[in-house]
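> Following the hints, put chain Y with the ligands in place on chain B, whose structure we already have.
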Amino acid sequence: MLRIENLHATVDGKEILKGLSLAINAGEVHAIMGPNGAGKSTLGYTLGGRPGYAVTGGTVTFDGQDLLELAPHERAAAGLFLGFQYPVEIPGISNLQFVREALNSQRRARGQAPLSGGEFLKLARAEAAALGMDAEMLKRPVNVGFSGGEKKRNEMVQMGIIGPKLAILDETDSGLDIDALKAVGEGINRIMRAPDKAVLLITHYQRLLDYVRPDFVHVLEAGRITRTGGPELALQLEREGYAPVAA
Amino acid sequence: MVSVLELPSPRLEEWRWADMGALRAAADAPQRAAGVDPKSLFLDIDGPRLLFVDGAFEPAHSMPGPVTIARMAAESAHPLGSLAEGEGWTLSLDREAAAGTVQIVHIGSGCDSQVPARIALAESAAASVVETFAGHGWANRLTRIALGTGARLMRAVRLVQADGFVSIRDEAEVGEAASLVSIFLGAGGAGSRIDGAVTLAGKGAFAEMGGALLTRHEQKQEAAVAMRHAAPDGTSRQLWRAVAADSSTASLAARAEVARDAQKTDGEQSLRGLLLQRTATVNLKPELEIFADDVKCAHGATVGELDARALFYLASRGIPEGRAKALLTHAFVGDAIGRIGDEAVREAFAADAEAWLEVAL
Ligand SMILES: Nc1ncnc2c1ncn2[C@@H]1O[C@H](COP(=O)(O)OP(=O)(O)O)[C@@H](O)[C@H]1O
Ligand SMILES: [Mg+2]
Numbered sequence: 001m002l003r004i005e006n007l008h009a010t011v012d013g014k015e016i017l018k019g020l021s022l023a024i025n026a027g028e029v030h031a032i033m034g035p036n037g038a039g040k041s042t043l044g045y046t047l048g049g050r051p052g053y054a055v056t057g058g059t060v061t062f063d064g065q066d067l068l069e070l071a072p073h074e075r076a077a078a079g080l081f082l083g084f085q086y087p088v089e090i091p092g093i094s095n096l097q098f099v100r101e102a103l104n105s106q107r108r109a110r111g112q113a114p115l116s117g118g119e120f121l122k123l124a125r126a127e128a129a130a131l132g133m134d135a136e137m138l139k140r141p142v143n144v145g146f147s148g149g150e151k152k153r154n155e156m157v158q159m160g161i162i163g164p165k166l167a168i169l170d171e172t173d174s175g176l177d178i179d180a181l182k183a184v185g186e187g188i189n190r191i192m193r194a195p196d197k198a199v200l201l202i203t204h205y206q207r208l209l210d211y212v213r214p215d216f217v218h219v220l221e222a223g224r225i226t227r228t229g230g231p232e233l234a235l236q237l238e239r240e241g242y243a244p245v246a247a
Numbered sequence: 001m002v003s004v005l006e007l008p009s010p011r012l013e014e015w016r017w018a019d020m021g022a023l024r025a026a027a028d029a030p031q032r033a034a035g036v037d038p039k040s041l042f043l044d045i046d047g048p049r050l051l052f053v054d055g056a057f058e059p060a061h062s063m064p065g066p067v068t069i070a071r072m073a074a075e076s077a078h079p080l081g082s083l084a085e086g087e088g089w090t091l092s093l094d095r096e097a098a099a100g101t102v103q104i105v106h107i108g109s110g111c112d113s114q115v116p117a118r119i120a121l122a123e124s125a126a127a128s129v130v131e132t133f134a135g136h137g138w139a140n141r142l143t144r145i146a147l148g149t150g151a152r153l154m155r156a157v158r159l160v161q162a163d164g165f166v167s168i169r170d171e172a173e174v175g176e177a178a179s180l181v182s183i184f185l186g187a188g189g190a191g192s193r194i195d196g197a198v199t200l201a202g203k204g205a206f207a208e209m210g211g212a213l214l215t216r217h218e219q220k221q222e223a224a225v226a227m228r229h230a231a232p233d234g235t236s237r238q239l240w241r242a243v244a245a246d247s248s249t250a251s252l253a254a255r256a257e258v259a260r261d262a263q264k265t266d267g268e269q270s271l272r273g274l275l276l277q278r279t280a281t282v283n284l285k286p287e288l289e290i291f292a293d294d295v296k297c298a299h300g301a302t303v304g305e306l307d308a309r310a311l312f313y314l315a316s317r318g319i320p321e322g323r324a325k326a327l328l329t330h331a332f333v334g335d336a337i338g339r340i341g342d343e344a345v346r347e348a349f350a351a352d353a354e355a356w357l358e359v360a361l
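Same order as they appear, the protein sequences are chains B and Y.
All residue numbers for the first sequence refer to the UniProt record's numbering, where the first residue is 1 and numbers rise by one.
All residue numbers for the second sequence refer to the UniProt record's numbering, where the first residue is 1 and numbers rise by one.
So that you can see chain B by itself, here it is in the shape it has in the complex (with noise of 0.2 Å):
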């Protein structure tokens, strides 16, 4: 589904991904773990098309098209879906409308009908109440005055109402507090464990794997992928760090 093969990217004119290959299929669930500073967030910018962050080498392709030639809201319509670490505040726009405007604009740039006011209201309440959200924070301006755990959730009603493809989640685990990974965990299961989705989990702690088991962790140390294993190298470099594993 994604294939990354010997990316180079700059921000601001500093090299920070200096050669990352990473390929996932379909039905698979990926984890990035890495020390802080080693390129995770870049990778998924990247990957989002953030202006600023410049492809200097390498090729992406997504579902066998170019994803780098793809504006950031094309790139959206084509399946991906970026889950920010830290996710935006934006006053006077409600969630609802800022979802539905996203849904329905990827909708019409597939050639799909948009959806309905109605039926739009349906499907955001059933994911909210999926996730543990309160209904009335659906109306709540963007993110404004959400605590760090609700707007992690939030991403995830986001994620559930837009139905990607792809899910690239910075660090949705930080910040949350057991319940509420757990109501995460649980979300990103059953919104994206399917044959024709794909996870990538970028993470810090070894903690969301408990819930989101992934077929393969890979380390992201210095802007290049230093090791890959099966789940059990994520309990490794929990238990000893990354140093023994780099080394």
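Calculated directly from the structure, the hints in this document are not laboratory data.
Any given hint might turn out to be false.
As the list claims (entries may be wrong) - Simulated DEER-style distance windows between Cβ atoms: (1) B:GLY230 to Y:ALA308: 36 to 44 Å; (2) B:ARG140 to Y:ASP28: 46 to 54 Å; (3) B:GLY37 to Y:LYS264: 34 to 42 Å; (4) Y:GLU287 to B:SER116: 44 to 52 Å; (5) B:ALA129 to Y:ASP342: 49 to 57 Å; (6) Y:ASP307 to B:ALA222: 28 to 36 Å; (7) B:ALA26 to Y:ASP342: 52 to 60 Å; (8) B:ASP63 to Y:ARG32: 51 to 59 Å; (9) B:THR56 to Y:ASP342: 54 to 62 Å; (10) B:ASP63 to Y:GLY338: 40 to 48 Å; (11) B:TYR211 to Y:LYS264: 51 to 59 Å; (12) Y:ALA162 to B:THR56: 56 to 64 Å.
Backbone N, C-alpha and C fix where the C-beta goes; we use that ideal spot for every residue, glycine too.
Just chain Y with the ligands now, kept in the frame of chain B:
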């Protein structure tokens, strides 16, 4: 009509951002069809309706209800307001009377049009007045407002003239526990000067003047408003938003004066500008002059661009760039338009702002 126009000099501090060249050009412009259907400018709200074409009342298209029409002098010392004399309208309500929503549409076909107006609400009377400016030319208005004890006036004014210039001068006196809310939207192609002097004359008065000015191309719009707290326990709000695209200029000057015995005054000024391109200009001038010692006056003035992080967040969810910019800009002006109490009026104004954004972005 106005042959030798004496206009304020830009050397005067209060007029330094005023685009008097655009006003003069609008006044001198040859007449041409207004190109708008007045019917489309009245909102679907029951109540009195008045149509003025080139400053002349059109009885055939009006149902004035309690509003009366007469020739009036321009009782103002204001350099533009004092020019607004001739046929004008008066809404005068007795004690506890209610007028519902009065709609007034002004259509111009070029040249100048001068209309004086007076709104006088006696004790506990209530009215809502919605004005729309469309067409071309120079529309000059003087509106004098007097609110008796506990009277309430909600005023909403939208400028959607295709080009030309609209100058509005409001002079208001708000009595004890009375409430005046005036919200303006500049969402057309005309230059503008919205000029207000509001005196909170009675104890516990509430006065608000604010709105949103949207400018593009070479257009210049401005608001210059002064709130004068002359009595204790008054509350005033000046919440203005300016959005400037291309090489346009939007200017906001808001002043609050608190007299020595206007204790417990609660004043707030919030002036914010959004530059859609770096070639555009937003001028902000918040001013406070306080002579009382027990007052609360908050003021903020900021100019910025659209938040790049928010734009990417919207794009990452599939919203195209132009639409994302429109949504964020609409949210920005929503603060100001949201102050309009009547939902139907608020929605109509929001739709005008939306239509402007669709073209400008
Ligand atoms: N906007 C930026 N400008 C310059 N450097 C940046 C910027 N964002 C991140 N970096 C740098 O890029 C490197 C990788 O950051 P990031 O991808 O956020 O790491 P991680 O998510 O793995 O902790 C770090 O050295 C960080 O300081
Ligand atoms: Mg990070």
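> Confirm or reject each hint.
For each hint, the structure was consulted:
For B:GLY230 and Y:ALA308, the Cβ-Cβ distance of about 39 Å falls inside the hinted range of 36 to 44 Å, so the restraint holds. In this structure, B:ARG140 and Y:ASP28 meet the distance hint of 46 to 54 Å, their C-beta atoms being roughly 51 Å apart. Checked against the hint of 34 to 42 Å, the C-beta distance between B:GLY37 and Y:LYS264 comes to roughly 54 Å, which is inconsistent with it. Y:GLU287 and B:SER116 have their C-beta atoms about 49 Å apart, which keeps the hinted 44 to 52 Å range intact.
Against the hinted window of 49 to 57 Å, the Cβ-Cβ separation of B:ALA129 and Y:ASP342 comes to about 35 Å, which falls outside the hint. Separation of Y:ASP307 from B:ALA222 is about 31 Å and conforms to the stated range, judged on CB atoms against 28 to 36 Å. Against the hinted window of 52 to 60 Å, the Cβ-Cβ separation of B:ALA26 and Y:ASP342 comes to about 53 Å, which satisfies the hint. Distance hint check: the CB atoms of B:ASP63 and Y:ARG32 are about 56 Å apart, consistent with the given range 51 to 59 Å.
Checked against the hint of 54 to 62 Å, the pair B:THR56 and Y:ASP342 passes, with Cβ atoms roughly 56 Å apart. Between B:ASP63 and Y:GLY338 the C-beta distance comes to about 43 Å, which sits within the given range of 40 to 48 Å. In this structure the hint that B:TYR211 and Y:LYS264 lie 51 to 59 Å apart at CB holds, the actual value being about 56 Å. At roughly 48 Å, the beta-carbon separation of Y:ALA162 and B:THR56 lies outside the given 56 to 64 Å, and the hint is violated.
The earlier numbered hints that this structure contradicts are 3, 5, 12.
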